[in-house]
Amino acid sequence: MGSPEEILDPELKLYESRKSVFPKAVNGPFRRLKWVIMAITLAIYYVTPWIRWDRGPYAPDQAVLVDLANRRFYMFGIEIWPHEFYYVAGMLVMAGIGLFLVTSAVGRAWCGYSCPQTVWTDLFQHVERAIDGDRNAQFKLQDAPWGPKKIGKRLAKWSVWLFIAFWTGGAWIMYFADAPTLVVDFWTGEAAFVAYATVGVLTLTTFIFGGFMREQVCIYMCPWPRIQTAMMDEKSLTVTYKDWRGEPRGSVKKAEAQPGSFGDCIDCNQCVAVCPTGIDIREGPQIGCITCALCIDACDSVMEKINRPRGLIDYATLEDADLEKAGKAHNPVLKTLFRPRTILYFSIWGAIGLAMLFAVGNRTRIDISANHDRNPVYVQLADGHVRNSYTINLRNMENRPRDMIIGMTELKGAVMWSNAGSRDGAGKTLVTSVPADSVSRLRLYIAAPGDGPVREDFALTVTAADDAEANDMDEIFFERPETGE
Amino acid sequence: MSENKRVDKPTGTETVGHEWDGIEELDTPMPRWWLWTLYATIIWGIGYVILYPAIPMINSASEGLLGWSSRGEYAQAVSARERELDPIRQALVSTDIRKLHGSPELMQQAVEGGRSAFKVHCVQCHGSGAAGSKGYPNLNDDDWLWGGDLEAIEYTLIHGIRNPDHDQTRFSQMPAFGRDGILQSGEIQDLVSHVRVLAGREKQSAAATRGAVLFEANCAICHGSDGTGDRTQGAPNLTDAISLYGLDRASLTDTISNSRYGVMPRWGQRLDPATIRMLAAYVHSLGGGEKLPALEEIADQRDESDGDGQS
Ligand code: SF4
Ligand code: SF4
Numbered sequence: 001m002g003s004p005e006e007i008l009d010p011e012l013k014l015y016e017s018r019k020s021v022f023p024k025a026v027n028g029p030f031r032r033l034k035w036v037i038m039a040i041t042l043a044i045y046y047v048t049p050w051i052r053w054d055r056g057p058y059a060p061d062q063a064v065l066v067d068l069a070n071r072r073f074y075m076f077g078i079e080i081w082p083h084e085f086y087y088v089a090g091m092l093v094m095a096g097i098g099l100f101l102v103t104s105a106v107g108r109a110w111c112g113y114s115c116p117q118t119v120w121t122d123l124f125q126h127v128e129r130a131i132d133g134d135r136n137a138q139f140k141l142q143d144a145p146w147g148p149k150k151i152g153k154r155l156a157k158w159s160v161w162l163f164i165a166f167w168t169g170g171a172w173i174m175y176f177a178d179a180p181t182l183v184v185d186f187w188t189g190e191a192a193f194v195a196y197a198t199v200g201v202l203t204l205t206t207f208i209f210g211g212f213m214r215e216q217v218c219i220y221m222c223p224w225p226r227i228q229t230a231m232m233d234e235k236s237l238t239v240t241y242k243d244w245r246g247e248p249r250g251s252v253k254k255a256e257a258q259p260g261s262f263g264d265c266i267d268c269n270q271c272v273a274v275c276p277t278g279i280d281i282r283e284g285p286q287i288g289c290i291t292c293a294l295c296i297d298a299c300d301s302v303m304e305k306i307n308r309p310r311g312l313i314d315y316a317t318l319e320d321a322d323l324e325k326a327g328k329a330h331n332p333v334l335k336t337l338f339r340p341r342t343i344l345y346f347s348i349w350g351a352i353g354l355a356m357l358f359a360v361g362n363r364t365r366i367d368i369s370a371n372h373d374r375n376p377v378y379v380q381l382a383d384g385h386v387r388n389s390y391t392i393n394l395r396n397m398e399n400r401p402r403d404m405i406i407g408m409t410e411l412k413g414a415v416m417w418s419n420a421g422s423r424d425g426a427g428k429t430l431v432t433s434v435p436a437d438s439v440s441r442l443r444l445y446i447a448a449p450g451d452g453p454v455r456e457d458f459a460l461t462v463t464a465a466d467d468a469e470a471n472d473m474d475e476i477f478f479e480r481p482e483t484g485e
Numbered sequence: 001m002s003e004n005k006r007v008d009k010p011t012g013t014e015t016v017g018h019e020w021d022g023i024e025e026l027d028t029p030m031p032r033w034w035l036w037t038l039y040a041t042i043i044w045g046i047g048y049v050i051l052y053p054a055i056p057m058i059n060s061a062s063e064g065l066l067g068w069s070s071r072g073e074y075a076q077a078v079s080a081r082e083r084e085l086d087p088i089r090q091a092l093v094s095t096d097i098r099k100l101h102g103s104p105e106l107m108q109q110a111v112e113g114g115r116s117a118f119k120v121h122c123v124q125c126h127g128s129g130a131a132g133s134k135g136y137p138n139l140n141d142d143d144w145l146w147g148g149d150l151e152a153i154e155y156t157l158i159h160g161i162r163n164p165d166h167d168q169t170r171f172s173q174m175p176a177f178g179r180d181g182i183l184q185s186g187e188i189q190d191l192v193s194h195v196r197v198l199a200g201r202e203k204q205s206a207a208a209t210r211g212a213v214l215f216e217a218n219c220a221i222c223h224g225s226d227g228t229g230d231r232t233q234g235a236p237n238l239t240d241a242i243s244l245y246g247l248d249r250a251s252l253t254d255t256i257s258n259s260r261y262g263v264m265p266r267w268g269q270r271l272d273p274a275t276i277r278m279l280a281a282y283v284h285s286l287g288g289g290e291k292l293p294a295l296e297e298i299a300d301q302r303d304e305s306d307g308d309g310q311s
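Protein sequences appear in the order of chains A and B. The C-terminal position of the first sequence is numbered 485 in the numbering used here, with every residue numbered one higher than the one before it. The C-terminal position of the second sequence is numbered 311 in the numbering used here, with every residue numbered one higher than the one before it.
A couple of the hints might just be wrong.
Said to hold, decoys possible - Chain B regions said to be covered by chain A (calculated; three or more residues, Cβ under 8 Å):
1. 19 to 33
2. 116 to 123
3. 137 to 150
4. 233 to 241
These are computed hints drawn from the structure, not numbers from a lab. Ideal Cβ positions, reconstructed from N, Cα and C, are used throughout, including at glycine.
Sequences are here, hints too, so could you generate the full structure?
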């Protein structure tokens, strides 16, 4: 055991309060790229539900719609039914592999530019800067005692944040119902409780995560940085401080006084000041870095001012770093981007994409599935026939009502009827109409002479009456009692 | 082991003192909000334990200030559902059963309701798939002793079969030809042969010819000379492919010698009219139900009887 002093060490903290991060505004190519991506991603998010897509009278005309109540997923020309959920699964798998691909090629670019947490935090920080002023003013205001000015500024900032958060939560529910109708319903108090609850929860989480927790979400709550750090290798691009060039640090004055004994870093702390997660990149790669490259913009402008080459902080791979230390030239960027690993990820990603496109292009829009009733398996009829019954689901996945012809393959002497008819009207086929975009369930009875084999396999077929091409079948069986007695 | 603790230079953080293969674990403090979240969950937990049943006792759990219980919630849900079903039950009872198929939605609801009632009251004898077994009719097939339309099924359900204490019950009784000494055992074997010929299970023989004479004298009054049965008396058709007690020689000998006496409870006394109606609809829907009368015919009959009433 240690000495009492050690145990009672006041420095030894189990829990740590958050240090405020007030990043400084910065300009540069990466900042501009961030602006562009932020504009695009926010526009996609807010605008998508309002795009219309004409699907005829029987289906909603919203381009992207997750219709939970009717269990349909619409995405432009594609309509996905619950039993086709593998398309959604495929899209999720593609999104996953897409992240692997991006990570192995350009490191944590997702985190730095398009992760919602990053985008909204960035937006919130712009609001903060517009109201409170830049970094120093924000620190000052934070330390200032509460007075009319501080209260006014805080209220202003929080209301704008809340407003943005509310719009964010509001846009989310638009994906789940007809957007224009929902907006009206929402404001007239007609919308479902779950809509208000969702907006409430999302408003609150956006407000808290974007306004107050910011980098805490990235560092403590998000699992992705851990996965990503495990996935990056010596060939992945990442933001790197070139310590071999920068160290030892020294101010411009010192460097002028003793030429040759200092590196390029003048210890101006600009790279730390602009960092949205509040870390010092000069300490090396770390989990808090989202590779947003704002420190590159900051340091480059410093280097420019003091007339030293840019790129003291730069996107570089670990391999580049070693090469540079040894005084050799970098690998060409193309070679970094196109290497076996990225090509492999890309091929898997592309293959899944092509397979899904192919599947979507070739899927039939009618479908039959049959379940042989097992209790009882067969029924002996008075005239010596044996009857089997099946529960069948007929799917009409098009946006118009269709007549469907149910038939069967080789089952000698058999006739079928449904629970809508009776054996008097039985025949070799059955025509039934299925409403637009829905499933009809019916019980199908098939009676066949009792002197056939105990078990006979056959298939039920369904053909659209107006489009003989669309044919689908389901393998099924017919069963008879062992003997007559 | 605090003596092993040391400060990690690059990060300025203390290590926890573990080391694996030269890799050390940093003792990074948790963020404070995390701590507060933990406290909040603890407070939530305490509140939950106070408000809801949580602490296990010997026979039950502590009650909780809100008085909530899963049983109570269930009872509430059940009674809410009952209230929801009330209009359907009313509509069912007030609709002429012969006209039930005229409103497919009501019919559908009746079938679904009947499906669950069947599971409770009928499976003990008829089986969960209503396929019955020897002596217990298969309700899926198209052979009906007392009639298989909606009305007949409902009558059977209400009044039962061979209920000794009820005068409207379906009743029939076949004599125990052997036990009561009406026929000798050789004669019974002749009869068995004849019945098997009727059912198409055996070729014509001398015994069967002798049996035919006996049949005419003893059986034709109920089963008809040709053996096709009589529904008004619940006498089975002996010429079809289905038999309640079996068409093998042993079963037939037993049936003729000792008679059979199947009994069904009269449900009219135990179930409400709506449930019985649902059961009738369900049984009819199993695929063997007999033809429904055309709706116009029923309407016509109604009009006539109404007219009669007025004149
Ligand atoms: S901005 Fe550049 S020069 Fe300034 S401290 Fe950071 S690395 Fe050094
Ligand atoms: S260290 Fe640089 S790249 Fe990393 S998060 Fe901070 S500003 Fe962005």
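Checked hints:
1. 19 to 33: Satisfied; 5 residues make the cut.
2. 116 to 123: Our answer is that it is violated, as 0 residues pass the Cβ test (under 8 Å) against chain A, missing three.
3. 137 to 150: holds (count 5)
4. 233 to 241: holds (count 3)
Figure legend: structure checked against the earlier numbered hints; the only hint not met is number 2.
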